[in-house]
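Sequences listed follow chains A and B, in order. So for the first sequence, this note's numbering puts the first residue at 3; every next one is plus one. So for the second sequence, this note's numbering puts the first residue at 3; every next one is plus one.
Errors might be hidden in some of the hints.
When chains are identical, the list treats them as one kind, so a pair holds in a single copy or across two.
Here are the simulated lysine-lysine pairs, DSS-like style, with alpha carbons at most 30 Å apart [what the hints assert, rightly or not]:
no., residue 1, residue 2
1, Lys-273, Lys-65
2, Lys-181, Lys-316
3, Lys-251, Lys-181
4, Lys-314, Lys-200
5, Lys-117, Lys-251
6, Lys-65, Lys-211
7, Lys-123, Lys-273
8, Lys-314, Lys-181
9, Lys-222, Lys-251
10, Lys-251, Lys-179
11, Lys-117, Lys-227
12, Lys-273, Lys-222
Derived by calculation from the structure, the hints in this document are not laboratory data.
Number of protein chains: 2
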Amino acid sequence: MSTFATLTNHQIRLAARPVGTPTRANWQSTTEPVAQPPEGGVLLKTLALSLDPAMRGWMNDAKSYIPPVGIGEVMRAGGVGVVMASNTPDYCVGDHVSAGFGVQEYLALAPLDFKRSGLVKIDLNVGTLTQWLNVLGMPGMTGYFGLMDVGQPQAGETVVVSGAAGAVGQTVGQLAKIKGCRVVGIAGGPAKCEWVVKELGFDACIDYKAGPGAVRAGLKEHCPKGVDIYFDNVGGEILDDVLARINRKARIIICGAISQYNTTTAVQGPKNYLSLLVNRARMEGIVVFDYADRYHLAVAEMAGYLKDGRMKSKEDVVQGLETFPEALVKLFTGENFGKLVLQVASE
Amino acid sequence: MSTFATLTNHQIRLAARPVGTPTRANWQSTTEPVAQPPEGGVLLKTLALSLDPAMRGWMNDAKSYIPPVGIGEVMRAGGVGVVMASNTPDYCVGDHVSAGFGVQEYLALAPLDFKRSGLVKIDLNVGTLTQWLNVLGMPGMTGYFGLMDVGQPQAGETVVVSGAAGAVGQTVGQLAKIKGCRVVGIAGGPAKCEWVVKELGFDACIDYKAGPGAVRAGLKEHCPKGVDIYFDNVGGEILDDVLARINRKARIIICGAISQYNTTTAVQGPKNYLSLLVNRARMEGIVVFDYADRYHLAVAEMAGYLKDGRMKSKEDVVQGLETFPEALVKLFTGENFGKLVLQVASE
Numbered sequence: 003m004s005t006f007a008t009l010t011n012h013q014i015r016l017a018a019r020p021v022g023t024p025t026r027a028n029w030q031s032t033t034e035p036v037a038q039p040p041e042g043g044v045l046l047k048t049l050a051l052s053l054d055p056a057m058r059g060w061m062n063d064a065k066s067y068i069p070p071v072g073i074g075e076v077m078r079a080g081g082v083g084v085v086m087a088s089n090t091p092d093y094c095v096g097d098h099v100s101a102g103f104g105v106q107e108y109l110a111l112a113p114l115d116f117k118r119s120g121l122v123k124i125d126l127n128v129g130t131l132t133q134w135l136n137v138l139g140m141p142g143m144t145g146y147f148g149l150m151d152v153g154q155p156q157a158g159e160t161v162v163v164s165g166a167a168g169a170v171g172q173t174v175g176q177l178a179k180i181k182g183c184r185v186v187g188i189a190g191g192p193a194k195c196e197w198v199v200k201e202l203g204f205d206a207c208i209d210y211k212a213g214p215g216a217v218r219a220g221l222k223e224h225c226p227k228g229v230d231i232y233f234d235n236v237g238g239e240i241l242d243d244v245l246a247r248i249n250r251k252a253r254i255i256i257c258g259a260i261s262q263y264n265t266t267t268a269v270q271g272p273k274n275y276l277s278l279l280v281n282r283a284r285m286e287g288i289v290v291f292d293y294a295d296r297y298h299l300a301v302a303e304m305a306g307y308l309k310d311g312r313m314k315s316k317e318d319v320v321q322g323l324e325t326f327p328e329a330l331v332k333l334f335t336g337e338n339f340g341k342l343v344l345q346v347a348s349e
Numbered sequence: 003m004s005t006f007a008t009l010t011n012h013q014i015r016l017a018a019r020p021v022g023t024p025t026r027a028n029w030q031s032t033t034e035p036v037a038q039p040p041e042g043g044v045l046l047k048t049l050a051l052s053l054d055p056a057m058r059g060w061m062n063d064a065k066s067y068i069p070p071v072g073i074g075e076v077m078r079a080g081g082v083g084v085v086m087a088s089n090t091p092d093y094c095v096g097d098h099v100s101a102g103f104g105v106q107e108y109l110a111l112a113p114l115d116f117k118r119s120g121l122v123k124i125d126l127n128v129g130t131l132t133q134w135l136n137v138l139g140m141p142g143m144t145g146y147f148g149l150m151d152v153g154q155p156q157a158g159e160t161v162v163v164s165g166a167a168g169a170v171g172q173t174v175g176q177l178a179k180i181k182g183c184r185v186v187g188i189a190g191g192p193a194k195c196e197w198v199v200k201e202l203g204f205d206a207c208i209d210y211k212a213g214p215g216a217v218r219a220g221l222k223e224h225c226p227k228g229v230d231i232y233f234d235n236v237g238g239e240i241l242d243d244v245l246a247r248i249n250r251k252a253r254i255i256i257c258g259a260i261s262q263y264n265t266t267t268a269v270q271g272p273k274n275y276l277s278l279l280v281n282r283a284r285m286e287g288i289v290v291f292d293y294a295d296r297y298h299l300a301v302a303e304m305a306g307y308l309k310d311g312r313m314k315s316k317e318d319v320v321q322g323l324e325t326f327p328e329a330l331v332k333l334f335t336g337e338n339f340g341k342l343v344l345q346v347a348s349e
């Protein structure tokens, strides 16, 4: 077994909890020697990391679906990489894997941590590395199970999805089209909206940055039969605008609220929530980890759609571990166009 | 057939839409001769009317689950009464019925309007007149189907209900106890709270008027295992307090939001709604009319509980049609103690 201690592992750690939008001051760059693979374990090299809105929540000292990242800890991040060294027959050098890498260049995992870190092999014949962070990764799984299990779409229904050009949104919208729904996206700026319609095949896309009342007017125009399913990634005013147009027995999937993540005041609650009463409608949260035992089924289905061209996967790839602090903020300004990926190394 | 034209029908009509809490100025008292029963129809005498928080919504010129009451129309109200005259073998003079009487002393119904007005015979051997407006009436049906169909309680779960001493609340809490749940009420003032615990058998009741933080502290104390089901009649801060303590896969039944009905500013949305995401929980509206074809089943079940003493039914009876404007406002100040009933006449 070769030694890796001559290699340096660059890392980004949480230095301080942010107030509002995170800045460089919230992060600390550290280095340490690369660890040997533990007994029965593996040493992984990070190739690309998934940058997700949920990361902002993990930075807060708040009770949530997973514990916050501790001060001084390597920032949590899912990613894809390659096995550098292995002490188990289950993983061979050169295997590609998906795992909770953290924002760092290398990760040594003991067998007891395989499951916790979500370590699984990925097949580059099924999808590219970045597709494994997008449609075939956490965002894709989130979109799949949120839409299918919570939303339960029926052909002919109208599905609205916010963050339509983002990782989860592009999966949700394309999948809803495949299932026979009318699909209306909400995204920021004409370029994203045009792409969502022309490339992804949504029926329409509303530019929420087009001015006050743009979402209300767009929903009225593009959802003439009302809204049966709303997949919400953004919260705030847009959630209220959609609530005002839902149909009886509508389903609202609460996946995120990116408009509220950096607020330094109270979260804006949906003041139109009584539309749920009037319409006997339902608003329900989803956390993707609950579906881990069925990921393989969703991956198989969506890999098929990628292969036959019915589904596309767009990633926005940013280079270099050290750009992480600025890259993350792109999610909150809406600068990213497609699933935001941080490429850390090549093979 | 006798003539009833010598009798006077006193009515209360909506004169103007209220801003905030309704006052006398929103109402107009009118009289007209009592109509003959139409061909194939009936003439009914109002005995008692149900006063409900939902009435406030019907006074607004807003899209809802039923059209608003028009200006100049007799105010909509459900009630119980007796058949005075009948041109159909289906109803005999002296039969007791439940129907949408409106706030008036008499109602002539043509057969085409039987269904729309919800005309059904009621059996005073099964429940008293006022019980037919409470546990066996709309509030009881609302509580029953909201809890059982939307909430789906499991024995051992913790159920919280606001407006616990009110019509819907007392049904929900007692039914949840019968189904084996831990039940915590929220009500205003020590007298109601004591009654809810001692008479209705709730495990605890939180006095929301006991000062700032009383609900938060009470939930912490009385729901040590968190909240699995919240039946919400009030909205506002209390909804947020409960959202902060829900369990995974919790169900929040949105039945009403009495704290918000007279607001002259925007409705207060639940700023803790992202707790739905973290907890994979669901918030769902209920409108009782959807369950009309199953009312008879719920009535049969709950009449059994009334008979065997497992369920009690408390009504707060106010006398006289002309007191309607002031009586209604009692609902919003929380002055009523039990289901608020307006007794219009005796037999």
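Within, between, both or neither: Lys-181, Lys-316 at alpha-carbon 30 Å = Only inside one copy: Lys-181 and Lys-316 sit 20 Å apart there, 51 Å across copies, limit 30 Å.
With identical chains treated as interchangeable, where does the CA-CA distance between Lys-251 and Lys-181 reach 30 Å or less: within a copy, between copies, both, or neither?
-> For Lys-251 and Lys-181, both the intra-copy (19 Å) and inter-copy (27 Å) Cα distances are at most 30 Å.
Classify it for me, Lys-314 with Lys-200: is the Cα-Cα distance of at most 30 Å met within a copy, between copies, both or neither?
-> The answer is within: 12 Å in one copy meets 30 Å, while 62 Å across copies does not.
Intra/inter-copy verdict for Lys-314 and Lys-181 if alpha-carbon distance must be at most 30 Å = So Lys-314 and Lys-181 pass the 30 Å test inside one copy only (15 Å; across, 50 Å).
At 30 Å max between alpha carbons, let me know whether Lys-117 reaches Lys-251 within a copy, between copies, both or neither.
-> For Lys-117 and Lys-251, only the inter-copy Cα distance (24 Å) is at most 30 Å; the intra-copy one is 38 Å.
Tell me, please, which holds for Lys-65 and Lys-211 at an alpha-carbon limit of 30 Å: within, between, both or neither?
-> For Lys-65 and Lys-211, the Cα distance is within 30 Å only across copies (28 Å; inside one copy 32 Å).
Which holds for Lys-222 with Lys-251 at a C-alpha limit of 30 Å: within a copy, between copies, both or neither?
-> within (19 Å within a copy, 33 Å between copies)
Is it within, between, both, or neither for Lys-273 and Lys-222, if the alpha carbons may be no more than 30 Å apart?
-> Classified as both; 19 Å inside a copy, 26 Å across copies.
Within a copy, between copies, both or neither: where do Lys-117 and Lys-227 come within 30 Å Cα-Cα?
-> between (45 Å within a copy, 28 Å between copies)
Within, between, both or neither: Lys-273, Lys-65 at alpha-carbon 30 Å | Classified as both; 24 Å inside a copy, 16 Å across copies.
When no copy is specified for Lys-251 and Lys-179, does a C-alpha distance of 30 Å or less occur within a copy, between copies, both, or neither?
-> For Lys-251 and Lys-179, the Cα distance is within 30 Å both inside one copy (20 Å) and across copies (29 Å).
When no copy is specified for Lys-123 and Lys-273, does a C-alpha distance of 30 Å or less occur within a copy, between copies, both, or neither?
-> So Lys-123 and Lys-273 fail the 30 Å test inside a copy (45 Å) and across (40 Å) alike.
Hint 7 from the list above is the single one not met by this structure.
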